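J.: Chains as they are written, first to last, in the numbering used here: chain A, 1 to 405; chain B, 406 to 810; chain C, 811 to 1215; chain D, 1216 to 1620.
FYI, nobody ran anything at the bench for these hints, they're computed from the structure. Values in this document were obtained by computation on a predicted structure and should not be read as measured data. Where hints are given, some of them may not hold.
Unchecked claim - Restricting the straight-line Cα-Cα distance to at most 20 Å, the calculated cross-link-like pairs of lysine-lysine (PhoX-like) are:
| id | chain 1 | residue 1 | chain 2 | residue 2 |
| --- | --- | --- | --- | --- |
| 1 | B | K677 | A | K164 |
| 2 | C | K971 | D | K1379 |
| 3 | D | K1376 | D | K1429 |
| 4 | B | K416 | A | K161 |
| 5 | D | K1477 | C | K984 |
| 6 | C | K1054 | C | K974 |
| 7 | D | K1565 | D | K1477 |
What the hints assert, rightly or not - Covered stretches of chain D (in silico footprint by chain B; criterion: 3 or more residues with CB under 8 Å from a CB of chain B, positions within the stretch not fixed):
| id | region |
| --- | --- |
| 8 | 1220–1233 |
| 9 | 1248–1258 |
What the hints assert, rightly or not - Facing chain C, according to a computed beta carbon distance under 10 Å, are these residues of chain A, among others:
| id | residue |
| --- | --- |
| 10 | S5 |
| 11 | L13 |
| 12 | P15 |
| 13 | Y18 |
| 14 | V19 |
| 15 | A22 |
| 16 | Q24 |
| 17 | L26 |
| 18 | R34 |
| 19 | L37 |
| 20 | R41 |
| 21 | E49 |
| 22 | T51 |
| 23 | V54 |
| 24 | V105 |
| 25 | H369 |
A virtual CB, placed ideally from N, CA and C, is assigned to each residue, including glycine.
So the chains spell out like this:
4 protein chains.
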Amino acid sequence: MMNKSNLELSKRLIPENYVQQAAQALSVRENKIRILLEQRRLPDEGWDETTIEVLLQQLSLMDSNNFPGNCGAGEREARISSELVARRHFRMGHGIGRSGDINEVQPKAAGSSLMSKLTNSLVLQVLREAGAPSTASAFVVPMATGMSLVLCLLTLRHRRKGAKYVIWPRIDQKSCFKCMLTAGFEPVIVQNKLYEDELRTDIEALEKSIEELKAENIVCVLTTTSCFAPRTPDRLEEVAKLCKQYNIPHLVNNAYGVQSSKCMHLIQEASKIGRLDAYVQSSDKNFMVPVGGSIIAGFDKNLIEEIGKTYPGRASAAPSVDMFITLLDLGKQGFQKLLQQRKHRFNHLKQELTKIAEKHGERLLDTRHNPISLGITLSSFHGLEGKSLTQIGSMLFTRCISGAR
Amino acid sequence: MMNKSNLELSKRLIPENYVQQAAQALSVRENKIRILLEQRRLPDEGWDETTIEVLLQQLSLMDSNNFPGNCGAGEREARISSELVARRHFRMGHGIGRSGDINEVQPKAAGSSLMSKLTNSLVLQVLREAGAPSTASAFVVPMATGMSLVLCLLTLRHRRKGAKYVIWPRIDQKSCFKCMLTAGFEPVIVQNKLYEDELRTDIEALEKSIEELKAENIVCVLTTTSCFAPRTPDRLEEVAKLCKQYNIPHLVNNAYGVQSSKCMHLIQEASKIGRLDAYVQSSDKNFMVPVGGSIIAGFDKNLIEEIGKTYPGRASAAPSVDMFITLLDLGKQGFQKLLQQRKHRFNHLKQELTKIAEKHGERLLDTRHNPISLGITLSSFHGLEGKSLTQIGSMLFTRCISGAR
Amino acid sequence: MMNKSNLELSKRLIPENYVQQAAQALSVRENKIRILLEQRRLPDEGWDETTIEVLLQQLSLMDSNNFPGNCGAGEREARISSELVARRHFRMGHGIGRSGDINEVQPKAAGSSLMSKLTNSLVLQVLREAGAPSTASAFVVPMATGMSLVLCLLTLRHRRKGAKYVIWPRIDQKSCFKCMLTAGFEPVIVQNKLYEDELRTDIEALEKSIEELKAENIVCVLTTTSCFAPRTPDRLEEVAKLCKQYNIPHLVNNAYGVQSSKCMHLIQEASKIGRLDAYVQSSDKNFMVPVGGSIIAGFDKNLIEEIGKTYPGRASAAPSVDMFITLLDLGKQGFQKLLQQRKHRFNHLKQELTKIAEKHGERLLDTRHNPISLGITLSSFHGLEGKSLTQIGSMLFTRCISGAR
Amino acid sequence: MMNKSNLELSKRLIPENYVQQAAQALSVRENKIRILLEQRRLPDEGWDETTIEVLLQQLSLMDSNNFPGNCGAGEREARISSELVARRHFRMGHGIGRSGDINEVQPKAAGSSLMSKLTNSLVLQVLREAGAPSTASAFVVPMATGMSLVLCLLTLRHRRKGAKYVIWPRIDQKSCFKCMLTAGFEPVIVQNKLYEDELRTDIEALEKSIEELKAENIVCVLTTTSCFAPRTPDRLEEVAKLCKQYNIPHLVNNAYGVQSSKCMHLIQEASKIGRLDAYVQSSDKNFMVPVGGSIIAGFDKNLIEEIGKTYPGRASAAPSVDMFITLLDLGKQGFQKLLQQRKHRFNHLKQELTKIAEKHGERLLDTRHNPISLGITLSSFHGLEGKSLTQIGSMLFTRCISGAR
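Turn these sequences into a full structure, and let the hints steer you where they fit.
T.: Right, here's the structure in full:
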């Protein structure tokens, strides 16, 4: 807004050299935006809040509902009734996408569209740097992980006419099980196998399942990376090999796995060695934004595009905006620092829990394949079982410690 | 926060009678909140922004991520990285719902849950007052209309095992057509019939379709209320009668129909005379919030609950918060005023377009059954067709008039 | 920020014609800013909130504390500790002015300086249009009216060595009396004279005072425009004539007089006919900003500049920012509408109070020279006096009617 | 707002135990506020932004302009025209103080008054803990240091009728010199004396001045603590002794001295040994708020009150609100951490400058009595003088290093 001619005019009011210095300061910020538009990558250093706000504001002014003199006669005009609502969305109202494709540009919303495109670019790069450099395409979808898996499954339906089974190495997480049902498929559960302390994918049982059901009846194999100990991430590489061999799509629930280089590495390797079509992750669990979005990514650009086109209609821009802000705020360095912190804290927790376990005659489970979660025996509570376990949970809860199971 | 004991303490600093008057002013706002919690209905008069903000802030403080001394060790802790993001969501991060049910209460998010429950209550009442008083249940879902229709269709699948057809009186709207495909069903298109200027539902053809396909193979009939002239809202009552007779679910796409008492009346009447299971509407098109949410409502409480339970996992709270703010901001009077304004402007537009049409030797189509949209002949452009029509669109566009087709 | 080259780059992400339309929309706002910088006058139409915020944000980025890479080693670096404080001041921290002059440009704060300059220009124009077109200079000072009058008096001291009296037609307003004492002068009170219902300036008594004290001992005559009935605005023209004749400075307390064309007209006429050096008005009472600032204006540019130079050190920018926002938000039309409303409401109040007075056997005082305030007899309360008058006040107070005396 | 009865009602919507836990979380914040009101001291730990905002919001609701149903008929009703302005001031518009006293409670503004009282209490405690525990009274005044010194001087005038000299050990700071002139007094400059590298107060010359001018003609001695090397803080203890001996008021310009325990210690000791009436400090320089306020403090409660009563009229609340937020945000620990950081960085700067000076054949001045500022010889620039010195300044400036002289 304080463009060249406006800066020039300012020299009538304040001395020229002050204006020049200010102009230089403004141009530093303009350059940040230029580099973002040019490279569409995470900035090395995070941006300050002001620069982020300025950019969002300018993008918002590029949407038709903020055009001076706009006269919207239709039903899709991004009218916003409440000022409070308008402000919290930076006056962006059009959402993202068009009827035909959640990733398409909206003619009425150049700014929102630009924001969405940029966010998807940043997200793709983050996934690549987090450990899956071969990722071909990615986009933010304003639905949580479960519903996003539904969308992937519904897309696969078109490619796998007649198939109705989803092979699924068991994971005790409701919404994951439910997403197969919601998509209208029949989950075929493959029980995990105990290897010492760990529950790991039973590859033989999985292959047996495939042979019994026949490849053409199988929509996909749905594996999981991030999970609670003593279960470990699925053996993606071996599953991927089977999927390639039998020509079956392979979908990965990577819910909170981006934060773990091991999970990401598994995904990357599996995609190299065998077949891995798409992987889905939560935006709130990996990028610390409010619940509501997820990222669908994959190694086959066409499939990812097809998933985007399966979404009918426009969609909320809020999760994209949250990701946009958060990624610019963190920058590459900020994000990497968070990853390191998590790793460090995980090791610290492991050490301390080992000590506590020993002190109480218990034992930390050896679940070295699970880089995210830890388990501890509670053998001294044996016999009392249910009741006392609930009691522990409740004691933790009232001490404001949440997240333990 | 300035509770009784804190107000009492204030008397040590400022005179007692000033404190008393202030206490009274505070209690007026507390009472508004009390009445909202008690009645869970739209306030007659809209609230001021401050009262809305205060309530949201207090609700937010009831979520565990804002508990002083909270120590979250799990993956669902509503950590928010960016302050800018935190602020725009009033520091609410847990979203709504649980793995099992989008309408369930979250133990970690008492405040967000309360907000969501209240919003759904307000929304139900608004629909009832807008013309469908028999509506039994309603909830805000953080997906746009198309994807919400998908969710409804996926829920119906469980009730209609084996069925694969959706009977659909044609409407030229991409995302509506797409939603049936995305849900994995086969749309059976029933062409509309021209009655003078109007394109209306061909009831006979529809019944014929049912008989040909057989009721048990039909997932549902999907009708539409709000649409562009010369098409008119579907003849819901007659369709509902057939659905009842053949025992077929009836789903209504009421995208932008809440604003029209006629559309709502059609829905209400159809539910009385025949069968109408659920109707879906856009939150942005009817309540002027940013794109991203819709409202699923219906006359069968069990079905609506089942739809909520079909959604796998937690979901974005943003569309609910937007609706919550907007409805409290408008109040009953504000909302009714908007409805009246729309009616008034529609009539004004009709009058003026009639004049303009006459002036140019054209004619406003007589589409009296369509209470929302108007059509005009462009016969003088005949012959040139495509090109000049596009030109008109482009001329309107550069004059900042959007929404015309 | 979305400058030409950044818009150009955007075309790689979204279609060119969308970018062009958005660029045009952006340039409309840039033009508003251009015109402001060029003409430094109130825009005819008020600006929308977004444009105001964008401008403030850009100005803020022109201050050195917001320069990327700034390294402030001194004590005047506008460090802001709390983010909440930073945000509410748009990250402007340098205040306005320099040690030597409250109206001087700060090298470290080009943006704040520009804002301050523009505000003073807008304010000058508003005063001119409100009825005093000959006003030569004006500036916002971040002190309320009383303290600003002190500043004027302290400035006059330098011009009137040895003088110690201020001649002051009585007005029962504490801070006005106090300001003379605070400035270290001796108020010489000239009692008003009753003309029928009105208390008006006693010009003869005033001239007598001048002659008794001798002109050279008099710092100035301090008159008042806005006041409570039955007192009327001072007879500025006649006082001004005397001031000219005796060569005595004339200072006007125009506290809430800008809103009244009559008060402004008095000031203008007095400056033409006689001598009127400076007039001071409250920013909150005339322009509906929070308490804290006032406007010092006058017909002698040198004196006004001297007053600005008398203020030692930098000063709060908050009142200027509030004025800047408010004036841009209102625009010329908005401000004139407020003036008309006030006039209309005053007449309405007059009519209704007349009726009520008659109904209760009382009488509205005929104070036609007071365009702002009304008085009513309370003769039926006679005898009980003090107590019952207090009771009336208290009854109004508990009914939330404030401002009555 | 979510008071007991509203929480009780919430149990109809969400499970009782969730409400209870949330209620407990709310009460933690209510307790913080309770303790603040009870003790009126800086909290040990800083508050989070939300708690601060909630408190400000509630206080704001206690002001009459935010009363539901308020009908303000007067000129002091805190009407706020622009929503943007209203929000940035938390809808507080009444300012602080009354006509008679800047520290008095306003009947129309219970909340603002409470905020102001609390701020002054917090400020008093901070000064005591920073090194002047005997301080009897303190208040925030919405004028920068220079104008606040004027206010102090104007107050002293009433106590020192006829006196016209201010004795002032020289300090090269424009606004300090100007404040004596603005107050209408005659500065009597006492030149400093060179002790090795340091410029220190010449006590003998000062006493000589007193004797020459005679005590009764002297308004006060005005000393300075914080200053640029090679000048050092004035020898307050010795000056205070003289002031006591000759019965002359002693005013201290402690502009940016609160951050230095040495400066505060000087003040405290001087007040014990001799006479020190009041000391004035900048709020921006010591507490990192935007320019605009200062703190007047002293050891004689009556004098400080008198200064407050000298301010005519109400005043801006903005500097108080900024201080209120900042002090609650920092807490005792946060403030002490800042003080330690400053000390640490000062020593670091000293070390590094010593090295650089040596490297270039220069020398860091030995100004051990100045705990805030450092000087360096620039002897190699000798001969070129003016020009090259300016060049250094300019080179630092373009490298974004400001604050060097």
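J.: Report the numbers of all earlier hints that the structure fails to satisfy, in ascending order.
T.: Failing hints, ascending: 1, 4, 5, 20 and 25.
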